[in-house]
Every structure is written in C-alpha cells, then in structure tokens.
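Asks: Sequence:
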Amino acid sequence: MSEALCASGGSGGSREPRGGSEDEKRRVRALVRARRRAMSEDARSAAGALLAQRLGELVAETGARSVTCYASLPDEPATWGFLQWAEREALEVLLPVIREERGMDWIRASGELRPGPLGILEPVGVPATSEELARVELMLVPACAVDERGTRLGWGGGYFDRFLASREQRPPVFALVFDADVVPGRPGLPRDPHDAPVDGAVTPERILRFGSG
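Residue numbers (the numbering used here): 2 to 214.
Keep in mind that the hints were calculated from the coordinates and are not lab data.
Because the structure is a prediction, the values reported are computed rather than measured.
Beta carbons: idealized from backbone N, C-alpha and C, even for Gly.
Treat each hint with caution, since some may be false.
Label pairs and their in silico Cβ distance ranges [said to hold, decoys possible]:
#, residue 1, residue 2, range
1, 47, 173, 24 to 32 Å
2, 91, 31, 38 to 46 Å
3, 120, 91, 24 to 32 Å
4, 136, 57, 30 to 38 Å
5, 23, 90, 36 to 44 Å
6, 61, 132, 21 to 29 Å
7, 23, 117, 36 to 44 Å
8, 169, 128, 13 to 21 Å
9, 114, 90, 16 to 24 Å
10, 194, 173, 15 to 23 Å
11, 115, 61, 29 to 37 Å
12, 193, 90, 32 to 40 Å
13, 44, 163, 30 to 38 Å
14, 76, 113, 21 to 29 Å
All chains should be built: construct the whole structure from the sequences, respecting the hints.
Replies: Below is the structure:
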C-alpha cells in the first residue's frame with residue numbers, strides 16, 4: 002500500500018502545479034481512507050495497543066512532561082491507549098478544540114469529552130494560555146499520510162497547518178499514522194507552501210525522524 006501512495010509523475014511535491022498537487026492529495030486521501038476502512042476491529046485494536054507503546058517510548062526518549070494529542074476518530078490510529086497511559090503518568094496533555102473561524106484552541110484533557118463542530122470529541126474547559134502552550138515539549142498530530150521528507154498530508158481542513166505556521170518556536174512535531182501511510186523515497190507527497198512539515202512520525206511499528214527535506 003505504501004508504494005500505491007507514492008506521488009504519480011516525476012515532479013517533486015513543492016514543484017507541482019497547484020491543480021496537480023490538489024488532485025494528487027485527493028487521490029492519496031481516497032486510497033488511505035479506503036484502506037483504513039477495510040481494517041478489521043481486531044487489527045485496529047492491536048494497532049492502538051502498539052501505538053500506545055511507541056508513544057510511551059517517544060515520551061521517555063524526549064523527556065516530555067507536557068504534550069499535545071487528540072481524540073482519534075474510528076478510522077485513525079487509536080490514541081485512547083496513550084491518553085490513558087499519559088493520565089496514569091501524570092503528563093499534562095492538551096487536546097484541540099476547533100473554533101468556528103477555522104482556528105484551534107487547546108484545552109487540558111480532564112476526562113470529559115463532547116463532540117465538536119466536526120464530530121470529533123473535544124475536551125471541556127478553559128483554553129490554554131500562551132504560557133501553557135509554551136510549556137509543550139512534544140506535539141502529536143493526526144495525518145492522512147507522511148513522507149520521508151517530513152511532508153504531512155492532512156484531511157484538507159488546514160487546522161493544524163495554520164496552528165503550526167503561527168508558532169515562531171515549536172516543539173518537535175510527530176504525525177501519527179499507520180505504517181502503510183508512510184510514503185518512501187522520492188518524489189514523495191505533494192507539498193504546498195502552506196503545508197507545515199513535521200519532524201517525525203509514529204506508527205504502531207516504529208518511530209521515524211525526518212530530516213529537513
């Protein structure tokens with residue numbers, strides 16, 4: 002499946018014409034969505050347990066005590082095991098809350114979640130202050146796919162791209178995907194100027210760190 006995600010044609014991501022870039026993004030999203038929906042419940046459960054282990058390893062390696070994460074959707078690598086582990090370890094975890102103006106706030110995870118405007122479960126509480134955001138030492142973000150240059154393909158909303166672009170300084174950012182969602186080699190995924198790259202990715206099988214690509 003990873004090979005099927007490779008960008009078609011010979012041009013690199015950021016050099017593609019705008020229309021070609023968007024067409025390729027739609028193609029990859031459709032492939033990933035179909036593959037994820039075909040996974041069995043047993044496979045999803047096993048992947049979620051393994052992902053929690055990898056994320057625990059990453060937190061230990063980085064020494065992070067304040068992280069961002071998110072409440073995963075059914076088709077995404079499950080974050081629930083990690084969130085439970087983080088609570089037991091007394092980590093500070095901030096979860097995103099979508100704003101109507103296509104922005105995001107962050108609220109500390111407290112156990113109470115309710116559906117937001119996009120149907121994603123969101124925490125209830127007071128948005129984090131700039132000082133609290135500055136304490137974050139590791140960001141875990143969703144993705145449709147990533148490549149080995151650090152290109153992150155989201156689902157088209159642009160919420161995380163806009164937030165990451167707004168930060169003058171940011172901690173390491175890791176995308177959470179299935180192993181088959183990592184595109185190897187060149188040309189990789191299309192990357193437009195507004196697409197914020199990530200520093201690495203975590204799959205149920207491995208932790209990857211990317212260069213500046």
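Asks: It remains to establish, for every hint, whether it holds in the given structure.
Replies: Hints and how they fare:
Against the hinted window of 24 to 32 Å, the Cβ-Cβ separation of residue 47 and residue 173 comes to about 27 Å, which satisfies the hint. Look at residue 91 against residue 31: about 41 Å separates their beta carbons, and that is inside 38 to 46 Å. For the pair residue 120 and residue 91, the supplied restraint of 24 to 32 Å holds, since their beta-carbon distance comes to about 30 Å. At about 20 Å, the CB distance of residue 136 to residue 57 disagrees with the hint of 30 to 38 Å.
In this structure the hint that residue 23 and residue 90 lie 36 to 44 Å apart at CB holds, the actual value being about 41 Å. A C-beta distance of roughly 25 Å is found between residue 61 and residue 132, which places it inside the suggested range of 21 to 29 Å. As the Cβ distance of residue 23 to residue 117 is approximately 26 Å, the hint placing it in 36 to 44 Å is violated. A hinted range of 13 to 21 Å holds for the C-beta pair residue 169 and residue 128, which are about 19 Å apart.
The hinted window of 16 to 24 Å between residue 114 and residue 90 holds, with their beta carbons roughly 19 Å apart. At about 22 Å, the beta-carbon gap between residue 194 and residue 173 stays in the expected band of 15 to 23 Å. With their beta carbons about 31 Å apart, residue 115 and residue 61 fall inside the hinted range of 29 to 37 Å. At roughly 37 Å, the beta carbons of residue 193 and residue 90 sit within the given window of 32 to 40 Å.
Range check, residue 44 to residue 163: Cβ separation about 33 Å, and the 30 to 38 Å hint holds. Between residue 76 and residue 113 the CB atoms are about 24 Å apart, so this pair conforms to the stated range of 21 to 29 Å.
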